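First to last, the protein sequences are chains Z and P.
If you count by my numbering, then the first sequence holds residues 17 to 282, one letter each, in order.
If you count by my numbering, then the second sequence holds residues 1269 to 1735, one letter each, in order.
In short, the hints are calculated from the structure, not lab data.
Treat the hints with caution; some may be incorrect.
With a straight-line cut-off of 30 Å between C-alpha atoms, the simulated DSS-like cross-links for lysine-lysine are [to be verified]:
{"id": "1", "chain 1": "P", "residue 1": "K1554", "chain 2": "P", "residue 2": "K1420"}
{"id": "2", "chain 1": "Z", "residue 1": "K123", "chain 2": "Z", "residue 2": "K172"}
{"id": "3", "chain 1": "P", "residue 1": "K1713", "chain 2": "Z", "residue 2": "K123"}
{"id": "4", "chain 1": "P", "residue 1": "K1713", "chain 2": "P", "residue 2": "K1622"}
{"id": "5", "chain 1": "P", "residue 1": "K1713", "chain 2": "P", "residue 2": "K1549"}
{"id": "6", "chain 1": "Z", "residue 1": "K123", "chain 2": "P", "residue 2": "K1549"}
{"id": "7", "chain 1": "P", "residue 1": "K1713", "chain 2": "Z", "residue 2": "K23"}
{"id": "8", "chain 1": "P", "residue 1": "K1632", "chain 2": "P", "residue 2": "K1554"}
{"id": "9", "chain 1": "P", "residue 1": "K1632", "chain 2": "P", "residue 2": "K1713"}
{"id": "10", "chain 1": "P", "residue 1": "K1632", "chain 2": "P", "residue 2": "K1420"}
{"id": "11", "chain 1": "Z", "residue 1": "K23", "chain 2": "P", "residue 2": "K1420"}
{"id": "12", "chain 1": "P", "residue 1": "K1554", "chain 2": "P", "residue 2": "K1622"}
{"id": "13", "chain 1": "P", "residue 1": "K1549", "chain 2": "P", "residue 2": "K1632"}
{"id": "14", "chain 1": "P", "residue 1": "K1632", "chain 2": "P", "residue 2": "K1622"}
{"id": "15", "chain 1": "P", "residue 1": "K1632", "chain 2": "Z", "residue 2": "K123"}
All values derive from a computational prediction rather than experimental measurement.
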Amino acid sequence: MSELLAKVAEILGAPESLVQRSAEARAEASGNTVDEVLQSWAGGESIASSAPPAAEAPVEEVKEEAPPAAEAPVEEAPVEEVKEVADETVHEVVEQVIEEETVELKKESSLAFIIGVATVAIFTYFFAFSIPKNQSADLVAESLNNEIIVSQEVLKGAEVYNQLNCQSCHTQNVRLLIPDSQNGKVLKNKFANETIIKNTGLLRLGPDLSTSATREPTNNSKWLARYLTDSASVRDEIPHPNYDFLSATDLDYLLTYLLSLGEVNE
Amino acid sequence: MKIKLIPSNEQDLSRVFIFLLPLVVLLSALVNFLRDAFMSFSNILPGNQILNYGFLDKVSNQVSFNFLFSFILVLTVVYLLSKSLGRSIIIFPIFFLTGLGLIGIEFVDVVIGFIMPEQLQPLGNTSILLLLKILLVAAFLGLIFLNLLAKKEPSIFLSSQFLIGAVMFYLISLLIFRNDYAVMSDNFFINSMYLSTHIYVGCSFVFLAILYFLITKGLQATLFSKTLGTISFWGYLFLLPWTGFKYFYGTTLPDWIENVSIYLSISLLIPLLALIVNYSKTVATKENNEPIFSVLISFAFVVFGITNVLQIVSSVSNVTPIVSLTNFEYSIRYGYMYSLILIMIPFVYYLVPKIYGRELVYGKLEAFNAYLLGVCVVISLSLNALIGINSGFAWNAGANAGNPTIYGEGFLITWSLISAPYTFNLFLSLLFLLGAFLFTLTVLKAIIGGAVTESETVFEIPGDYDE
């Protein structure tokens, strides 16, 4: 059959896959075998046509079969190629098969779709973000009145901490769960400073730092300074970045901030 | 081979993008590898202001989730939108400039990160250019809407639906990112919503747009059901933005939003099942039997499926407290990104002959690379999930506290559980970098030395809005 298919494809000047599919559709429509259809196309007797079956090709496929003129790729224009075939019987059959695959696309309104997507986006923004965010802020503001006042040095240290992206590994006790709360109170205070809020962290890879200033040896500024600049010299079993490139002032600010952690939980 | 500096239509623009895309993927893989290296060996490797884990993590986020993402998004919109709307893009010069501006501004953010490291935020973006970025994405979205309104096709094809959803939520994510931090819970609200709208929705929607194009046009298969595709679209659009809150379980977020997030994450099963059925039934009718091309699409689909399963598994009430604030979320975040990168590879392979008129031969190198990248990504995601579960168990067992008077003692237990997977992850990052390099090599080989074949031709048809 493959030789026959190749022969017909050559006669039609169409890809084998298209001829195969056309022959199958034709065979189904006429009640003959695919071989018989192919033989008739290859020069045998023509097969009487019957009413084409209802096409069931989903819309996406239809588009692929009949691409719009603006985008028509050269190798995907089977209709035009078939027109060049001299054999009128074959010409008629192939054209009919292609007609069989054409279905009316269901009309969809662009405007309705745009409105739908925009509505979901706006709904999400307000109901998943804006409203609960404000609700949460109000709750915190109502339940707590202990605003924390931090010194300028601590604030500068918090900025250095933020710029070094320490919060990508360390949290500052953000969960109300029991395993966390044994470290100290969870930070629920009404902060006024954006940097300090951001420093609470989103992922806990290294140890939590919320009470680091109240524990050994991180309450010792000399140990801390050495650890931050040459971590392997004091603790080599766990990798920790070295910040020996920090200026002395920035390192001092950072130490001041780290030594203040623990106070903010009280 | 001729690349026009100022393209006159979407085909020309796609040509520029396809040439540069492998290089952007390579850059992203390189930064990721450096970050992982400075994570595992930070106390051995010499560090400075640039070469340290904290900074590399920020740059990696900017390069992968912003620069690479915007690059892929613009390329996909430029090529697929006109295909699925049945007409060439209207007001093309403005469209071109907006797309270029968007990519350019994401790249400028990478550069600013190196010049002014303090300006770069942990999840990428600098505050300097954020407003401009919002305006550009809004303009891009407006132009897409204009094109959609001027469409010739009666139907709106799935690929363009997903692309429009992706750009819409790109805009929403940037608006969210601009919000002020007033109280501590804002930190979780803003970052969680940014992650879910920008990465979960953005990456998965661009992935799905390309997937639907490739399994029909690329594999020459008949789409099984548009209804199932529509279920996937609206399902993911409604559900995905809410799914990030569950990773902040137990924090100061309101309880109701954590619970809603958990329930909606479990509901991801609905669009996922619709997608799986649609994918498998569609692929069953494929006529393109090129095995490597199919394998690449399958790997991308499997990675996307795994990511969805991880989302659903982490919503189980017993699992959520364990995996919260751990690397488990990393595996989901990167799952969406990796599935997008993996689907880009067959997309680029498909486009090289169409756009450049050069044949891409699927040889041993392409086959090796397909398996290398696919296996690498699947193992990497599994390892990150494992790290998340292990560290979560350790934290919940009290490892975080350890001795109440000695800092970090309990962390030794955690580190003993996760250090080996981290080191193996670094090795996988190296393999992924190799894969990205081989991808670049195969594309350049085809563009420069591939046999000449017929390329797609664009016929200009004047439309109502054409200039």
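Of the numbered hints stated previously, which ones are contradicted by the structure, given in increasing order?
2, 3, 5, 7, 10, 11 and 15
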